[in-house]
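Engineer: Just need the whole structure built from these sequences, with the hints factored in.
4 protein chains.
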Amino acid sequence: MGLEGLKLLAEAREQTGLLVVTEVMSPDRVPLVSTYADILQIGARNMQNYDLLHAVGRSQRPVMLKRGMMSTMEELLMSAEYILSHGNDRIMLCERGIRTFETYTRNTLDINAVPMLKKLSHLPVVVDPSHGTGKWDLVAPVARAAVAAGADGVIVEVHPRPEEALSDGGQSLKPDTFAALMVQLRAIAQAVGRTL
Amino acid sequence: MGLEGLKLLAEAREQTGLLVVTEVMSPDRVPLVSTYADILQIGARNMQNYDLLHAVGRSQRPVMLKRGMMSTMEELLMSAEYILSHGNDRIMLCERGIRTFETYTRNTLDINAVPMLKKLSHLPVVVDPSHGTGKWDLVAPVARAAVAAGADGVIVEVHPRPEEALSDGGQSLKPDTFAALMVQLRAIAQAVGRTL
Amino acid sequence: MGLEGLKLLAEAREQTGLLVVTEVMSPDRVPLVSTYADILQIGARNMQNYDLLHAVGRSQRPVMLKRGMMSTMEELLMSAEYILSHGNDRIMLCERGIRTFETYTRNTLDINAVPMLKKLSHLPVVVDPSHGTGKWDLVAPVARAAVAAGADGVIVEVHPRPEEALSDGGQSLKPDTFAALMVQLRAIAQAVGRTL
Amino acid sequence: MGLEGLKLLAEAREQTGLLVVTEVMSPDRVPLVSTYADILQIGARNMQNYDLLHAVGRSQRPVMLKRGMMSTMEELLMSAEYILSHGNDRIMLCERGIRTFETYTRNTLDINAVPMLKKLSHLPVVVDPSHGTGKWDLVAPVARAAVAAGADGVIVEVHPRPEEALSDGGQSLKPDTFAALMVQLRAIAQAVGRTL
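Sequences listed follow chains A, B, C and D, in order.
When the count follows this note's numbering, it moves up by one through the first sequence with no breaks and lands on 1388 for the last residue.
When the count follows this note's numbering, it moves up by one through the second sequence with no breaks and lands on 1388 for the last residue.
When the count follows this note's numbering, it moves up by one through the third sequence with no breaks and lands on 1388 for the last residue.
When the count follows this note's numbering, it moves up by one through the fourth sequence with no breaks and lands on 1388 for the last residue.
I should point out that these hints are in silico values taken from the structure, not numbers from a laboratory.
Careful: at least some of the hints might be erroneous.
Repeated chains share a single entry, so a pair holds when one copy, or any two copies, can fit it.
Straight-line distance between alpha carbons at most 20 Å, and here's what the computed PhoX-like set of lysine-lysine pairs gives [what the hints assert, rightly or not]: (1) K1311 - K1327; (2) K1311 - K1199; (3) K1199 - K1327; (4) K1327 - K1310; (5) K1366 - K1327; (6) K1199 - K1310.
Structural biologist: Here is the structure:
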């Protein structure tokens, strides 16, 4: 994302009060992106980009660390260690689906990873059902599953006109479907003794 | 399971009022097992045992068809077709975990399969978090996820003394943990507009 | 395979002097098939059919044991142990491809398994490039690779008119292509210090 | 690799007449590495690092493009297209093993990929049996398999004292084992109508 994009995100934050999380893709971009974003995201393809992990570790910014689609939970936790080694412990682990032999869905969301990662670490676990399924009509049920399994958050792609989206339109919810999902997630969170 | 085992199951049914579901492993055993069991289970390893699928199809008994750990959803639905071809449509599809590169868990439970199979067929979908995780302390969160994702049932292994179980002790719940789980599942079912 | 089929195989043996290897799919068929076949084949789907493994073990017939498409080498060797436990050590292990995320080929032939299985056991290792690739034009190069890696044999599907084959036509060689392959395999065998 | 390392490689080239191939890991390093290396290697983890692909494409240097361990052949060919789009068609595709459920070997070398990639493109295909197996005693048989399957080259790790290697010692050959392997590869190349 270029400087213009970052400025737009910052403006959106100002107008809405929402925090900004955005991906940083190379170590030398960390200072700039840190100026505009509240949370630095490490994408699945960069989960083992060690220079980048060190850079976001040094930045002391909160980090959203996405599991690689080819990575084990052990490798995800080892990547988190690189960030932790700089004293930066504000890390969220994100399960976003792994690659398997199944072809009906884009990835196979590893729901086991939610309780397993929480058992193995004290870090919050976030689930991305948009990438984890690749199909917009599976997003809501899998998001509900994530909260029921104990996830601390979900990332859901939303677009006002998915059919015109530049990318990932097929896995994006429309705003009203998203709003309906949030009502369901609130009910499930309550059912498992949590609040949203 | 031998004749003695089947008689014990039938006795348990009489005393408790519970239905009996048990696995049948070869076509020539279908008539005998059908005498004692309410539901015939096809195990994951037999999902593509076509002689057996035809035999349970002809039996007209309800069938619990488990997905093979190496089988796609498409193959699971094709196996169901073999049973359906005899006019037997009382089939439950069971997701019980697939084999992936991940090694922290015995299998990777494919939570995407719950909404996907329900979208592709009208058959009920059941989830087995005991085999799907292989770890007793992951069973409850993944069972909750299954119900939240829309599963029509869950299969949970329970044993009064798991450490003495002849098999699968490591993935079995104790009765009181199971009872607590049922309370949670009821709450989640309600949250997604269903009843237990 | 029914009795008629077995009789035809026996007749083919008589006319050609070739040995007969054919699959046996249930324990109660072992005695009959043993009467007609020189080698009993356990198909990939039956690799963990323990009743069948015991039955072919007791038969004392040579066994071709095919690796399941989602089975580890460790599981293949454990299945061989079932047969060995009856004192039947005439077992050939057969690598025929495993299921992976790759979709351009029907299976991924695990060439590493050839030297690895030979290192872990004293059993001959055979490779099936027809199932291992699923494409007739990949069969010859992968058969050559198998011999170069140390395989003790290859299984190659041949059909005079592949386009009319009842099954697996797409992975079958025509007789003249097969003959040309045999010339190549002989040269490679010699290059690695073996004879055909 | 730092500047000192690159200078050492260049010196080794001068003394031995061997070409230098070394990995480049970020777009801004491409000019420097191009000064010292004859061939730029894109590592498996960077196979979908599009900025890097564009940079090596623009460099007009020969490129060794390694397949990601969880990447399909289709994705490998698409990555090659990024380089080709700059008119740089001196690309070698390298199969170095994919991740599967098998645990006895570090990766599963996809031997099918050799003939399949050659069928789908006109690019040379190189095989890396060191990473593809992860075990030094499997390297020679799998290297032989690669040449027999039609590979245009192999990458083999060699170290005078593997037990002291800083990395990958367990998959490295000693010089004399490597020399013996080269004799075998020459014989196999000849057997399949090629010369080394």
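Engineer: Determine for every hint whether it applies to the structure shown.
Structural biologist: Hints versus structure:
no., hint, in the structure
1, K1311 - K1327, "between (29 Å within a copy, 12 Å between copies)"
2, K1311 - K1199, "neither (38 Å within a copy, 41 Å between copies)"
3, K1199 - K1327, "neither (30 Å within a copy, 47 Å between copies)"
4, K1327 - K1310, "between (26 Å within a copy, 14 Å between copies)"
5, K1366 - K1327, "within (13 Å within a copy, 37 Å between copies)"
6, K1199 - K1310, "neither (35 Å within a copy, 43 Å between copies)"
Checked against the numbered hints listed earlier, the structure breaks hints 2, 3 and 6; every other hint is satisfied.
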